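Undergrad: Residues per chain, in single letters:
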Amino acid sequence: MKRRKLLALTLAGCLVFPAAVSAEAEAVDITLWTYPVGNWVDAATVEGLIAGFHEAHPDIHVTVEYLDYTNGDDQVNTAIEGGQAPDIIFEGPERLVTNWGAKGLMADLSDLWTDEAKEAIYDSVEAACQNSDGVFYEYPLCMTAHTMAVNRDLFEAADALQYLDEETRTWTTENFVKAVQAVYDSGHETVGAVYCSGQGGDQGTRALVNNLYGGAFTNAEHTEYTLNSEENIRALELLAGMDGISFDASIAGGDEINLFCNGTLAMAFCWNVGQDAANAENTEFDILPMAFPSENGDPALCGGIWGFGVFDNGDETKIAAAKTFIDFMANDEAQAPESVKASTYWPVKDLGTNIYEDNDLMTEYSVFVPRMGDYYQVVPGWAEARTAWWNMLQQIGSGTDVKTAVEEFTATANAAAVQ
Amino acid sequence: MKTLNRSLCYKIFSTAIVVLLALAFAFPLYWIITGSFKTGRAINAAAPQWWPQEWVLDNYRTLFSRQKAPLWELHIPFTNLAVTGPSLPAALRWLTNTVFMAVTSMLLTCVTAAMAGYALAKKRFAGRTLLFSLIVCAMALPKQVILIPLLREMSALNLYNTIWAVILPIVGWPFGVFLIKQFAEGIPGEMMEAARIDGAGEWKTFLSVALPMIKPGIGALAIFTFISSWNDYFMQLIMLTSTGNLTISLGIAKLQSENSTDFGLIMAGASLAAIPIITVFLIFQKYFTKGITMGAVKG
Amino acid sequence: MKSNHPMSRALARRETIAGYAFLLPSLIFFLGFVIYPMALCIVTSFFDSTMKRADIFVGLGNYRELFQDRNFLYALKNTAVIVAVSVPFVCIFSLWVSSVIYNMREPFCSIFRCIFYLPVVTGSVAVTVVWKWMFNNYYGIFNYAGKRLGLLEKNINWLGDERFALGCIILILLTTSVGQPIVLYISALNNVDQSLVEAAEVDGATKFQCFWKIKWSQIMPTTLYILVITTINSFQCFALIQLLTSGGPNHSTDTIMYYIYHNAFKLYRYGYGNAMGVVLAVIIAVLSAVQFKMARSD
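These protein sequence lines are chains D, E and X, in that order. Mapping to numbering that gives the first Met the number 0: the first sequence position 317 is 316, numbers consecutive. Mapping to numbering that gives the first Met the number 0: the second sequence position 173 is 172, numbers consecutive. Mapping to numbering that gives the first Met the number 0: the third sequence position 175 is 174, numbers consecutive.
Treat each hint with caution, since some may be false.
What the hints assert, rightly or not - Here chain X is said to cover these stretches of chain D; the calculated rule only asks that three of the stretch's residues, wherever they fall, bring their Cβ under 8 Å from a Cβ of chain X:
#	region
1	77-85
2	289-296
3	342-356
4	381-395
Stated by the list, open to error - BS3-like, lysine-lysine: derived pairs with alpha carbons at most 25 Å apart:
#	chain 1	residue 1	chain 2	residue 2
5	X	153	D	177
6	E	289	X	214
7	X	51	X	214
8	X	265	D	102
9	E	10	X	212
10	X	214	E	10
11	D	322	X	51
These are computed hints drawn from the structure, not numbers from a lab. Note that the structure is predicted; figures quoted are calculated from it, not measured. A virtual CB, placed ideally from N, CA and C, is assigned to each residue, including glycine.
Whole structure, please, built from the sequences with the hints as guidance.
TA: What follows is the structure in structure tokens.
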């Protein structure tokens with residue numbers, strides 16, 4: 000009887016304390032959570048990159064989890080509250096600096112930002128990776144310009160190619176309206192969708208609205224939201240009234256890309272070179288990447304800057320190990336080009352060689368890089384503002400007056416910004 | 000004659016409606032299973048294929064070629080050793096986790112509830128009434144409202160992101176105690192008295208007298224706990240994060256948010272989640288029905 | 000009398016020890032993982048609590064804000080609509096279906112019962128994702144069938160349209176809610192005392208009268224049970240919302256459960272979320288009490 004009790008007790012212990020045990024491991028175990036940045040979501044690619052690191056640093060062991068843009072934030076937030084935030088996270092300044100950084104959850108990465116690094120990394124990127132006090136919460140790896148794309152075959156059939164400039168990949172607002180109408184009249188009723196079921200890919204809808212009449216999302220100092228400017232309101236009113244453009248509250252950015260690639264939608268607003276690289280093979284039409292339309296034909300594109308941040312989980316050894324990992328991934332001469340290539344975006348500094356030398360696709364998309372506008376996603380209250388953004392689009396889609404919806408958004412977002 | 004006709008008419012009419020409704024109820028499951036075998040083109044076609052023209056395994060192939068995870072992981076306490084199973088597609092690990100979670104919750108709930116229900120019904124002790132009213136009150140509350148504090152608690156116990164964070168609250172839920180108590184009320188006092196006179200201790204009395212009497216209740220509770228824990232989602236969503244620890248429900252939800260419009264792949268995942276439990280249900284159908292009704296009558 | 004006293008006290012002590020010993024395993028779980036977090040929930044609801052910062056006591060501040068929060072009131076309203084529609088519908092629908100199939104020959108009764116129970120066992124997530132596909136704006140089967148049958152002129156964005164989204168959610172909720180009630184009603188109807196029914200029929204009562212006067216009162220306990228579980232289930236509707244609409248479009252499908260989640264894990268407002276949880280708990284407690292009272296008075 001006694002022996003049986005002992006056995007039962009051991010068994011119970013065996014089942015109850017697995018988590019406590021694994022923490023005692025000798026080698027440093029760190030976790031990396033990545034958002035789907037290019038191919039940094041593909042298990043085979045990422046495992047390959049990490050294998051390189053394990054070879055160079057056998058004393059550090061990295062485990063990866065993959066997040067998505069629909070639920071990834073919730074997942075990270077739950078994990079933070081559960082006391083198991085990842086050690087390293089791979090995303091952009093709007094999350095690393097503005098959100099978790101501002102909440103005091105991230106470790107200062109200033110020691111990775113050596114003078115040498117500051118010299119090498121482009122100034123606009125450097126500016127985005129720190130908070131207003133100059134504390135660095137992100138060490139960047141890659142960047143791109145977010146664009147839109149059109150289904151060239153459909154546009155050709157609708158005789159709408161005349162409205163856009165295939166050389167510079169730009170178009171004016173007036174021509175954009177004509178092109179959408181032409182495609183709509185040709186019998187393709189779903190031309191484009193202002194997706195707004197959630198926050199996934201929201202930079203696309205913002206870029207569209209801001210560019211149409213040259214409005215700005217925030218002020219130049221990044222302290223205040225300025226969506227309620229006349230230009231933005233006009234742009235939203237234009238979109239709300241266009242045939243062929245729907246405010247679709249049942250899809251988010253990722254869905255829009257899929258609908259574009261399977262030919263349902265004639266345009267995608269949530270686009271960049273990474274989407275092209277991932278989808279070109281499976282699409283049955285020519286994808287024509289375009290800048291967002293603007294009144295004068297000179298758009299300001301939204302940039303994406305992706306890099307690593309480290310959660311401060313109170314364990315110096317892990318933070319140090321995480322920094323070693325970041326340094327290796329982003330700065331090692333042999334590894335860095337591979338890490339960047341896996342993202343299918345451009346490096347944030349001159350790597351010495353053109354890593355995309357024979358890559359036609361990258362060459363094609365490089366016309367957009369000089370058109371990159373202000374990186375404004377560092378305004379305080381970003382998490383609240385982006386929730387309010389898609390709620391506002393849903394309101395407009397449900398028939399609320401544009402001005403009312405925009406004013407409400409601006410009030411909510413600015414209230415969060417001053418907190 | 001006329002009334003007969005009318006009631007016959009009603010009978011035919013109502014049966015026809017019920018048949019139609021039954022078809023509508025079975026349709027989603029049919030759509031899940033056939034959808035999982037359709038090609039991407041058939042899935043995205045504006046005109047759906049009621050019956051797949053071309054049966055392909057692509058969706059399952061994609062599902063299984065995603066991340067890998069060991070089929071099981073068992074940690075040996077006070078060491079760093081762990082027994083891990085073969086590395087297989089993560090979706091299979093999710094099934095193992097779900098089965099483990101549902102079975103363990105079921106066993107623990109039945110054992111603890113049987114003992115507690117018996118004590119509440121048959122033992123007279125101070126605090127009994129108070130405890131019972133606490134149980135009744137707690138039962139009416141939706142357990143989701145306590146999730147935020149529960150999350151902090153699990154984190155403090157170092158159980159966050161382990162399957163135990165999901166199991167323990169299920170076991171704590173007092174419905175089972177309440178149910179078993181209703182069954183145990185029916186144990187005749189004379190039988191217990193007789194056992195005591197025969198020299199049986201408390202434990203022996205429980206095993207030999209009470210247990211056989213509350214067996215039907217335990218059966219009902221087992222089925223109830225198994226289904227509800229298998230189908231629970233909210234608790235799992237909050238408590239589990241890493242790929243190796245997900246349950247099948249969570250896995251499908253994640254699949255859905257990562258590949259939101261690849262319905263073929265999502266249906267393959269949904270089939271994987273639904274078919275095992277439906278099979279169990281069909282095999283034990285009689286017990287299920289009995290368990291559900293018994294739980295209700297006494298509950 | 001005097002000598003009897005210590006003995007009964009010993010017996011009482013023995014009973015108490017045994018009682019608590021039997022209760023112990025269950026109590027550990029119950030107190031540890033239900034009562035303790037519940038208490039914590041109530042306490043935190045009086046604090047402004049967020050991550051990485053000590054909680055700040057705000058008294059009734061969270062509650063006061065709650066009833067001025069327009070989105071919370073939306074959520075409250077939507078939850079009320081879901082409950083108000085689904086509870087009576089589930090009861091009537093399952094009672095009617097059961098009344099049709101309960102006296103069918105086997106295996107038909109079992110087959111039907113099985114089919115109506117299928118959505119319950121299929122699991123909420125698997126059911127939800129297939130409905131998401133069926134409701135899809137671009138290649139969902141509803142739009143296709145609707146257009147083929149001439150009911151719709153153009154595609155309706157079911158889940159993306161304020162006017163339909165909540166209705167769609169309720170429809171899905173109904174299909175997963177009637178399984179258990181049907182099983183229960185079939186068994187209850189089979190247990191109705193046939194002699195009473197026959198006696199009434201001899202007395203010339205119509206089928207309808209038979210039903211109301213005799214069967215209804217006999218299946219009343221079942222109905223009550225179904226009312227209570229359906230109410231609780233409808234309040235807890237979460238997976239559907241989280242996977243299908245995230246509360247949108249324009250807050251038209253926000254429920255309290257989802258809004259709690261939204262506040263806690265998107266906006267990091269734990270205290271506020273807990274206050275909502277407490278309010279929800281109070282509402283459900285009151286409703287359950289009313290339902291019990293009503294049943295008692297019957």
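Undergrad: Hint by hint, say whether it matches the structure.
TA: A quick look at each hint next to the structure:
Counting residues of the region 77-85 of chain D whose beta-carbon sits less than 8 Å from any beta-carbon of chain X gives 3, enough to reach three: the coverage restraint holds. Taking a C-beta to C-beta cut-off of 8 Å, the region 289-296 of chain D contributes 0 residues in contact with chain X, too few for the three needed, and the coverage statement is violated. Against chain X, the region 342-356 of chain D contributes 0 residues with a C-beta closer than 8 Å to a partner C-beta. That does not satisfy the three-residue criterion, and the hint is violated. A count of 7 residues in the region 381-395 of chain D with a Cβ less than 8 Å from any Cβ of chain X is obtained; the coverage claim is therefore met, three being the minimum.
Simply put, residue 153 (chain X) and residue 177 (chain D) have alpha-carbon atoms about 23 Å apart, close enough for the 25 Å limit, and the pair holds. The hinted pair formed by residue 289 (chain E) and residue 214 (chain X) meets the criterion: a straight-line CA distance of about 21 Å does not exceed 25 Å. The straight-line distance between the Cα atoms of residue 51 (chain X) and residue 214 (chain X) is roughly 60 Å, outside the 25 Å bound, and the hint therefore fails. Between residue 265 (chain X) and residue 102 (chain D) the alpha-carbon distance is near 13 Å, which keeps this suggested pair within the 25 Å criterion.
Only pairs whose Cα atoms come within 25 Å are accepted, and residue 10 (chain E) paired with residue 212 (chain X) is accepted, the gap being roughly 21 Å. Between residue 214 (chain X) and residue 10 (chain E), the direct Cα distance comes to roughly 19 Å. Compliance with the 25 Å bound is thereby established for this hinted pair. A hinted pair counts as satisfied when its Cα atoms are at most 25 Å apart, and residue 322 (chain D) with residue 51 (chain X) qualifies at roughly 22 Å.
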